[in-house]
Amino acid sequence: MALLTVQDLTMHYRTKLGGVHAVDGVSFAMAEGEAIGLVGESGCGKTSVAMALLRLLPDNAQILGGEILFEGRDLVKLSEHEMRKVRWRSISMVFQAAMNSLNPVYRVGQQIIEAIQQHLSVSEREARSRVAEHYNLVGLDPKLMDRYPHEYSGGMKQRAVIAMALACSPKLIIADEPTTALDVIVQDRILRRINEVRAEFNMAMMYISHDIAVIAEVAERIGVMYAGWIVEMADTVSVFKHPAHPYTIALMSAFPSIKGDKRVLAQLPGEPPNLLAPPSGCRFHPRCPHATAECVDEAPRLEEIDKGHFVSCWHPQRRSQ
Amino acid sequence: MTDRTPAQYAITPLWKMRLRLLARTSRQNWSLFWESRIGPVGLLIIGLFLLAMVAHPILISTVWEPRVYDPVMGFDRALIGRHPAPPSWSHPLGTDPIGRDVLSQLMWSARSAFALGVTAAVISVVIGTLIGAVCAYFGGVVDVVFMRLADLVMLFPFIALLMVLRSVLPLTLIRLALILGALSGLGGITIVLKSQALTVKVKPYIEAARVAGGGSWHIIRRHIIPNIMPLTFLYMMFNVTAAIFTEAVLSFFGFLDIRMSWGVMINTAQQAGYLGAFGHYWWLWAPAGAAITLLCFAFYLVGRGLDAVVNPRLRRR
Amino acid sequence: MSENGLLTVAGLSKLFPVKKRTYSLRVRNFIHAVDGLSFSVERGEVFGLVGESGCGKTTTGKLIVKLLDPTAGAVLLGGENTASIRRGKPLRAFRRRVQMIFQDPYESLNPRFTVFDTVAEPLVVQNRHSVAERERAVAEILVAVGLAPPETFMFRFPHELSGGQRQRVSIARAMVIHPDFVAADEPTSMLDVSIRAGIMELLLGLRADLGVSYLYITHDLAVARYMCNRIGVMYLGKIVELGPAEEVVQNSLHPYTQALIASVPVPDPTYHRQPGEIKGDVAAPIDPPARCRFYPRCPRGDKQCEEVSHPPLDELQPGHFVACYKASAQSRG
Chain U
260 MALLTVQDLT
270 MHYRTKLGGV
280 HAVDGVSFAM
290 AEGEAIGLVG
300 ESGCGKTSVA
310 MALLRLLPDN
320 AQILGGEILF
330 EGRDLVKLSE
340 HEMRKVRWRS
350 ISMVFQAAMN
360 SLNPVYRVGQ
370 QIIEAIQQHL
380 SVSEREARSR
390 VAEHYNLVGL
400 DPKLMDRYPH
410 EYSGGMKQRA
420 VIAMALACSP
430 KLIIADEPTT
440 ALDVIVQDRI
450 LRRINEVRAE
460 FNMAMMYISH
470 DIAVIAEVAE
480 RIGVMYAGWI
490 VEMADTVSVF
500 KHPAHPYTIA
510 LMSAFPSIKG
520 DKRVLAQLPG
530 EPPNLLAPPS
540 GCRFHPRCPH
550 ATAECVDEAP
560 RLEEIDKGHF
570 VSCWHPQRRS
580 Q
Chain B
14 MTDRTPAQYA
24 ITPLWKMRLR
34 LLARTSRQNW
44 SLFWESRIGP
54 VGLLIIGLFL
64 LAMVAHPILI
74 STVWEPRVYD
84 PVMGFDRALI
94 GRHPAPPSWS
104 HPLGTDPIGR
114 DVLSQLMWSA
124 RSAFALGVTA
134 AVISVVIGTL
144 IGAVCAYFGG
154 VVDVVFMRLA
164 DLVMLFPFIA
174 LLMVLRSVLP
184 LTLIRLALIL
194 GALSGLGGIT
204 IVLKSQALTV
214 KVKPYIEAAR
224 VAGGGSWHII
234 RRHIIPNIMP
244 LTFLYMMFNV
254 TAAIFTEAVL
264 SFFGFLDIRM
274 SWGVMINTAQ
284 QAGYLGAFGH
294 YWWLWAPAGA
304 AITLLCFAFY
314 LVGRGLDAVV
324 NPRLRRR
Chain V
26 MSENGLLTVA
36 GLSKLFPVKK
46 RTYSLRVRNF
56 IHAVDGLSFS
66 VERGEVFGLV
76 GESGCGKTTT
86 GKLIVKLLDP
96 TAGAVLLGGE
106 NTASIRRGKP
116 LRAFRRRVQM
126 IFQDPYESLN
136 PRFTVFDTVA
146 EPLVVQNRHS
156 VAERERAVAE
166 ILVAVGLAPP
176 ETFMFRFPHE
186 LSGGQRQRVS
196 IARAMVIHPD
206 FVAADEPTSM
216 LDVSIRAGIM
226 ELLLGLRADL
236 GVSYLYITHD
246 LAVARYMCNR
256 IGVMYLGKIV
266 ELGPAEEVVQ
276 NSLHPYTQAL
286 IASVPVPDPT
296 YHRQPGEIKG
306 DVAAPIDPPA
316 RCRFYPRCPR
326 GDKQCEEVSH
336 PPLDELQPGH
346 FVACYKASAQ
356 SRG
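Chains as they are written, first to last, in this note's numbering: chain U, 260 to 580; chain B, 14 to 330; chain V, 26 to 358.
Bound-form chain U, shown alone:
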C-alpha cells in the first residue's frame, strides 16, 4: 500500500492580479521507504507541492481540488489541530533556509529537545539521549548540543536541522533544497548522511531541488515539474537515460558536467510562463521544439508510455539510443 497518494492536487494563489496557477492536477504516489525527487526551475510549483503536503501554506493559497492521502487519511480535510499532530511526528521537513530557523538565543540541543517533547511524551533525559543519537547519525559531535547556533557553521546548522527533522522518527521527510546554500564538499557529506540514515530507518523522502545532479544521487524515482504540472515521472535511471518529455530532455542537456566529454549545452528559448495566465493547451508549447497545433489547443494528460514511466506530452520522444 502506498504511504502517500496525491490525487489531482490543484492549488492557486489569490493575488491582486488574479489567481496564480501554482499547482495544477498533480498526482503521484509514494511507497513506504521510497525516495522521490521533484526537479524543476524556480516557480514551477515544487515547493508549493511540499507546502501543500504539510499544509503550511500562506493565507492567500487555496487548495481548489484533489486529495492528499497519507496513511489512508486525507490531509486536505484535517483540521489545523489534527494537522499539527501529523507535522513533525509523521511528516517532517528540512528547508533551504532551515538553518536560519534556529533561535539564536537558545542552545541548539535544547531547541531539538523541546521539539521532541512537544510531540512525544518522553522525559527530558530520554529526549536528550535521543538528540545525541541523532547528532551521531547526521555526523555531528553530541558535545555540540550545548552550543549556540552562532557557534555552528552553515553545514553544521543544516545537519542539526536534519537531526531535528529525524528526531521523532517520521515516516516521511520532505527536504526542500536542503544543501543549495552550502559548498560542494559539505553538500556531499550531507547527501551521503541522508542516504545512509534513510536506508537505515526505511524512511520515505521527498527531495526537492533544481539540481538534477543532486537528484540523481538521492532519488529512486523522479518527478519533473514545469509550470505547475508534473510533466514526466519515472524511476531515476529511466528519466536520465530515456527522457521522453522535451522539457526533461532540455533540462538534462542544459547542465555542464565534470565527467565525460565536454559537449555543447542545450539552450531553451524563452522564459518559464507567467502562471497568472498560463499558456493554452500544453504549458510547455511556447518553448517546445516539437509543438504542433494539438499542443496549443489541448492539454496532454500524464500517460504511461513504458512500465512506470509517465509522460504528459502529445509527442513523447521515444528511445533514440
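No lab work stands behind these hints, which were simulated from the structure alone.
Mixed in with the good hints there might be a few duds.
[Said to hold, decoys possible] Covered stretches of chain U (chain V as the covering partner; in silico rule of three or more C-beta atoms under 8 Å from a C-beta of chain V): (1) 347 to 361; (2) 501 to 511; (3) 520 to 534.
Ideal Cβ placement from N, Cα and C applies to all residues, glycine included.
With chain U held as given, fit chains B and V onto it using these hints.
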C-alpha cells in the same frame, strides 16, 4: 536578428519616453496612495485648509469690511463692550477679547501655518538628505562629525535656545521656520536618512556604478539620493506636523514675534484670562485648537498614505 | 607563466582587519582573504577562478577591477601597474578597459533606473559621446546581448524583467564601452537552469565578437570546465592548482582539487562516486601559520608539510602548476 540598423530602433525621442514613464509611475503610485484610504482623507483636509486660505483675501475684498474683519487690526464697533462675543450671524465663530473676528483669524492663520510647516520641512529634509547621503557614502571623519553634531542637536534644550535668541533678534515666522528646519535637519532626520542610505550603499548596483566609472558625487546624486527619496518625502510630511505643533506651543507661551496664528489666538484668550472658564468662551480656543490638531492630523495621514506607497512590505499582493 | 598577458596579477594580497576583542583598539588581527596571488590572463582568454565560499575569489575580482585596493602586490594591465591609478581621467580610462559583471541580477540593477539608464551609465560617466551616439550604442549592445528589439526593453524597469533578462542587461552595461577585460563574478549561479546555458553561450559569443577576455569566478567546477580555457583553484586565499581547464578537471594533482572534484554530484544515476578524502571544515584564514594552508585538512600531509612554509606553485607538467610538496615529490620521483 532583424535587418534594421540599430539607429532606426529608437523611434520615440528620449524625453517623450521619460515623460510617459513618469506619467505611468505616478499613476501607479497614486493608485497605491488611493488604496491606503487614509492618505486621500488627509489630502482632503489639507485641501479644505488651502481653500480657507485662498478664500480669506477674497472675502476681505468682497463681503468682509476690513476695518471690522481684519484678523489683526479689525474691531467690531457694533458689539462694543460685549467682546468676546459669542457666535452670531455676523461673526460665525464669535469675536476675541479685543473685538476681532475669530473665523477671519482662523482662516488667515492657515497661511502662516502652511508657510511655516512646509518651509521648515523642506529645509530639514534637504539638509537631512544631503548630510545623510554624504555621511553614509564617505563614512570616516565626515560621518563622525555630523553624527556627533546630530547627537548634540537632539539633546540640546532648544526652547531655551529660542528664548535666548529672541532677546537678540525677533523670532518672526520665517526665522522660526529656518531654525526649526535646521535643527531637525541636523538632528533626528539625518540619522534616519543616513541609516537608509547605508542600506542603499551596500547594494551591488552601487559597486556596478563605480565600475561603470561613476565618481562619488555621481553615485550620491544618481543612485543614493533617489533611493532614499521616498523615505525623505515621508519624513517631510511628519516634519510639517512637528513644525506646526512647535509653533503653536511657542506662540501659546508668547515666545514668538508673530502677529497672528492659531497659537497666538489661544495665547490671546489666555492672556485675557478666558481659558479658566473652560466651558464658556469655547470659541476663543476650540476653533484654533481644532485647526492645529486637524491640520497636523491631515499631514500625518498623508504621511501614512505615502508609507503605503514607499514601503513595499505594506503592499503585498 | 607568460609575461605578455593582457592582465597580470603579481603577488596580490588583501588583508581585512578584524577586531578580536570588543574593547581593545590596538590588538588587530587580519583575515588573509587573498594571499600572494599570481597569474596572468591572455588576450581573448577565459580564465576561471574556482573555489568554495570564503576562498577569496570574489575579493580577487574586486581587486582587479579596483573596487578594492590591494594590501600588497600589483595588477598589471597591458604591462602597466594599475595601483597608481586613483581618480579622474586615468581612472575613467581604466574603467573603459576593465569592467565587471555581478552575481545577483536582482540587486545589481538600480530599481529606479530603466534599462536604458543602466546600460547608458558607463557612457554618461565617460562623457565622450553625444546623446544620439549613446542611444545608438545602447540599442546595438541590447541587440548583441539578445534583448531585441531594443525599443521594447529600453524603457522597462528591472522589476518588469525576468532574472535572465536582468543578467543580460547587466552584461550589456559591462560591454557597452567595449572593454578589453571583464571580471564575471558567478554570473549564472542565481539563474534558473534553463536560462543558464543561454547566458554562458552569450558570454562566450561576446568574447568571439568583441574580443574581450574574462576572469570567470565560480564555485562550480563543471561551469568552469565549460567556460574556461584555464582554471585556477583557490583555497583560503591561495591558488593551489592552475592549468588548462581539462587538465585540472580530468587530471588534478592537488589533494584539494581532487577532493573538490570527488564531491561534485554527477547527473548520472548509474555512476558511483568515491567519497573525497578531505577532513574537517574550512576555517577562516585569520593570521594563518606559514605552513601549507591546506595542511589541517590534507589526507597526504606529513611532518614536512607542517614545518615548512606554504608550497610554491610548481610547474609539474607544461602549463600545469600545483602548490603541493607531495605532488611535486611524486612527479619527480
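These are the hints, each one checked on the structure:
Coverage of the stretch 347 to 361 of chain U by chain V is violated in this model, with 0 residues showing a Cβ closer than 8 Å to a Cβ of that chain against a need of three. Taking a C-beta to C-beta cut-off of 8 Å, the stretch 501 to 511 of chain U contributes 3 residues in contact with chain V, enough for the three needed, and the coverage statement holds. Residue count for the stretch 520 to 534 of chain U with a Cβ under 8 Å from a Cβ of chain V: 7. That meets the three needed, and the coverage hint holds.
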